[in-house]
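*Asks:* Modelling step: build the complete structure from the supplied sequences, incorporating the hints.
Chain by chain, the residues run as shown.
Protein chains: 2
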Amino acid sequence: MTAAPKNDAAKNDTAPSLDALRTTLDGRWADVRQDVRSRMGSFRPASPDLSTEDYRARVLELVRELARTGRPHTGFAEEYGGKGDVGGVVVAFQALGYGDLSLLVKAGVQWGLFGGAVQVLGTSRHHDEYLRRIMDGELLGCFAMTETGHGSDVQHLRTTATYDPATREFVIDTPEPGARKDYIGNAARDGRMAVVFAQLVTGGTSHGVHAFLTPIRDDAGAPMPGIDIGDCGHKAGLNGVDNGRLTFDHVRVPREALLNRFADVAEDGTYSSSIDNENRRFFTMLGTLVRGRISVAGGAGSAAQKALAIAIRYGERRRQFSDPATGEEVVVLDYRAHQRKLLPALATTYALQFAQDDLVSQMHRLQSPGAGPVDEAAQRDLENRAAGLKAVGTWHATATIQTCREACGGAGYLSENLIPQLKADTDVFTTFEGDNTVLLQLVGKGIIADYGKRVGALGPLGTVRFAGAQVLGSVVERTGVNKLPSRLPGRGFAPRDRAQQRRLITDRAEHLLAGVARRLRPALKKGADQFGIFNAAQDHMLAAARAHVDALVLESFVDAIDRVADPAVKALLDTVCDLHALAVIERDRAWFLEHGRLTAAESRAVTGAVNDLCAELRPHARLLVDAFGIPEGWLACPILEDRAPTEADSEPVPSLVG
Amino acid sequence: MTAAPKNDAAKNDTAPSLDALRTTLDGRWADVRQDVRSRMGSFRPASPDLSTEDYRARVLELVRELARTGRPHTGFAEEYGGKGDVGGVVVAFQALGYGDLSLLVKAGVQWGLFGGAVQVLGTSRHHDEYLRRIMDGELLGCFAMTETGHGSDVQHLRTTATYDPATREFVIDTPEPGARKDYIGNAARDGRMAVVFAQLVTGGTSHGVHAFLTPIRDDAGAPMPGIDIGDCGHKAGLNGVDNGRLTFDHVRVPREALLNRFADVAEDGTYSSSIDNENRRFFTMLGTLVRGRISVAGGAGSAAQKALAIAIRYGERRRQFSDPATGEEVVVLDYRAHQRKLLPALATTYALQFAQDDLVSQMHRLQSPGAGPVDEAAQRDLENRAAGLKAVGTWHATATIQTCREACGGAGYLSENLIPQLKADTDVFTTFEGDNTVLLQLVGKGIIADYGKRVGALGPLGTVRFAGAQVLGSVVERTGVNKLPSRLPGRGFAPRDRAQQRRLITDRAEHLLAGVARRLRPALKKGADQFGIFNAAQDHMLAAARAHVDALVLESFVDAIDRVADPAVKALLDTVCDLHALAVIERDRAWFLEHGRLTAAESRAVTGAVNDLCAELRPHARLLVDAFGIPEGWLACPILEDRAPTEADSEPVPSLVG
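Residue numbers (this note's numbering), protein chains in the order written: chain A, 631 to 1288; chain B, 631 to 1288.
Okay, derived cross-link-like pairs now, DMTMM-like style, lysine to aspartate or glutamate, Cα gap no bigger than 20 Å in a straight line: (1) A:Lys1075 with A:Asp1159; (2) B:Lys1075 with A:Asp953; (3) B:Lys1200 with B:Glu1185; (4) B:Lys1200 with B:Asp988; (5) A:Lys1155 with B:Asp953; (6) B:Lys1156 with A:Asp953; (7) B:Lys1083 with B:Glu1140; (8) A:Lys1156 with B:Asp953; (9) A:Lys1075 with B:Asp953; (10) B:Lys1155 with A:Asp953; (11) A:Lys713 with A:Glu759.
Among chain A residues calculated to face chain B with C-beta under 10 Å, some are: (12) Glu683; (13) His780; (14) Tyr965; (15) Pro1050; (16) Phe1161; (17) Asn1165; (18) Asp1169; (19) Glu1216.
It is worth saying that the hints were derived from the structure and are not from the lab.
A virtual CB, placed ideally from N, CA and C, is assigned to each residue, including glycine.
*Replies:* Right, dumping it as structure tokens:
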């Protein structure tokens, strides 16, 4: 184990300028980020002592103010006054994540989920009538998918929409308490309409889940007849968002309420769809809604960045315990344990930011107006990446914000220092817009299906080779002693060799995938205990999915560095990427050891390298968080103030200012 | 990898009765636990929508009500109307942790920290005048130690108490903004006095930190002259506790305000102490306050138990996705991934409960009235265990409650389902009453000092043998290839062999300790870069401390099982202990692989055994959480109700009821 280098003796002798680093991070939609920063930078967090009702009222005001900036419009089609900038609007959403997350989520519900569903599932009859008012924030709406009894398994929602040809109406009904729509944003207070997901039944036949644009309140705000609206009440966070519950008692809506881009019901009740297979139709519809998931991943990234900015700036000011040699108290970020808490998390936050940017670009390419017909394989890949990045990114945010809270000690527990709100608001990110475990399972299923095709496509010879590689791995595992020379990375292991890092991380993903595919194969046999086989391999499948996402994220980081021209930025990002990659390997080094990919000495060298990299990046920590470009107004809190704290700091933080 | 056994085919064929298991868990102070359950079981959680001021008022009422039960008195000396039941009062505190944690913490401040300091640092002049009123909750007080600038390093507090022989008074002063007393419970609203920790200066000489009983408000509640009282305002949680800030401007208190059990100042200003060494004196004083740390560990345990009770009961009701064979929706706790989230955490919660009971008994033995003079070694051991268990237990609680929140999905984010409050309230446990990282460092220093003595005491031959074992380990590590037969556990590895589990966990602790001791040795050389050497080994030291605590906890669990007579309880606890021990080994299996303690196959067998144990304990999960004996009233929430949820569930939870 080598001694840590002195903090001031970093390898990156020429630190990049803040501007150069920020420009790199801002990337393709730099102008959008800059616009949001300057427009919204004057917003202040709500007082933590606002009552739920007052907080909801304030956030509604902010939503209206946001609408007036014209920013939400940019994501909609040009013919309705938008700009068709699908990627830009997601980037703008992410930038909002530096501020009040209730605003972020309420805006996401209004324009992303509700407006987005109307746009992508509806047709011109819906667009003409509603889009403009939705964009302007005049018509507030809900996305009523989740039910009390069905959150993850939305294909089996129980709400029904039964077509009545006599009146040419759908009858929307909640047949049992578990079919109540639950956790619905904008429902408890402000929403006037809802996109209601329900099993479409016509002529006695069910055609699966479809979406219906349904008025839930009249202009005066009273619930429409037959609709019972409940309030989810106080939540752990996001209390500026009015989540509620909707129960329908045979509520009639006109035939035209069906958002009929993918399927329609004729006046006589005849069902038709451009997609014959019910399963495929459902997932096609869901797929168009991928933007919500991508936006949550972005919002989680902003929240993690903000927490790190606070903890690192505080860690550079806070001193505790003396250096015996000098008698001076040591800045806490100079302690290895403190660096270990914050700097690998910072490196991974960079990695996720680049992966997020790639994801947004991919979405923009596929979903922009004029992108042409949907390429199914590309769309599936997008959905898979979105699911994986949402899961990994939101878990990373939750863990990182927790670490930052603890790294700020008691000060991190005071609302005035902003971390409590961040922590409370983002906590639900790991389970909404898809429960993370379920999302990783989705990724797992996706990559197993692809793997099946890949192995098939190799032909007999390729399959044998592939199997050969597997066998080698299996031997190492079964003998239980790492007698075989480690296939990867071999004799000359250098932890900071990027090629070796990539091989390790990619190889792990491949090996886990092949293994789980092998374990699931027996489920294909007739009469097999499918659930038992799947369940016994569930942890394996989740590990494979996680490893797959790790590999994608690292590739995004590597690609981003390749694109950088500024040598100082490139050198710094290279070091950050080393720390990220080695932290990923270190976290799962048991796997690499168990599978003969790392020897004991190599594994310990990884840990040593992580320590060294923490010390090396320590002097750049402030620059790295400043480059996120979080408006100072959104970071204003007593523990970051230059003056000594005064009693005025105990006053409630000023309320929202437009 | 073996297939998971069917859930209904558990090895524990004869499940123990709930009563028998609960009796075992309740242990020595079963009557105290039962008393708190029955007295406090009717308290209801505060509405999450109470304003901070109203919530503080409610919790104050509850503190007064608690005082009327006579329960807090039991921890104080008999001559002042107490019962001297030092252990019982900590157990009672822990049982309060199932209810409102603001009440728990405010009670802890009042009777544990403030009352405790008066009792153990004061003498009869303080006891006669104040103890009765403190016990009765008539005199509310603060424990004013932490300063804005010094939280962990309390030996270097900056507040001064300078003796003025002319008036026979101490002058208490806050010389700089960083010396402000901060985060002080009971300070912002209710406290009338504070035990103020300050550097005692007399005759121009400083004698280190001492405690002064200082009035901070008059009877009408106005701050005393020269004292500025601030409010920490809203916090992430525990908003029923009024944390505040105290700034002293040359505040005069009589000479008798000094809590003078360990040191005194004569009228003429002469300083005297029974403990000559200033450092030792300070740590002796601090050591008497260990009860607070033990209480926090207990409260964290209760909170983790409550979160698990909710998540496991919900996990047995919630269904999602269908079993393809039956078409029936699967109970989520039947999924391996869900079991993996909750059941190892449950097993470790059991382990920590037994370790906590041992710690409380040890404290009771040492600190009960009539325990005789302080045995320094025993006291140091107690402090070390308390520090370690507080750190490990509160981190476990934070992680477990987070896991339970996610395991309940969106429902876990609603305040009505209780987990949000648990999560928010307990979050500060990891950094108050000692920052966990600093506490583990303390444990590390303690075990290194003991190790030095042990190795010395072995004599030359013993040292050589000891070193031999180390060398063997080092060879394995340095060669980097696990060529050597693994010293432990050797050929016949059986994951569920308790002796092998204990050897693995103890051996890891010993090896890490020896390693870090070796790395720190050069710091003893003259002119060595002490900080650099310490800092480079900091992560190693923290790992050694953590491993040491893991070993202690497992030994407590093993001892507890040994004491059980009921064979069905014994068998079930044996299985729970297997899961705990193997989960500990699995979490750090990279270490065991790197150090030749486990082969790759053995390491994978550990993971397989954890999976099998999860399936085996699945049918007993409900019994295991029911045995905590949490009053049903404290678990009442919509997701656990048998009836289908109704709109009434959206109403705010009823307020506190006495």
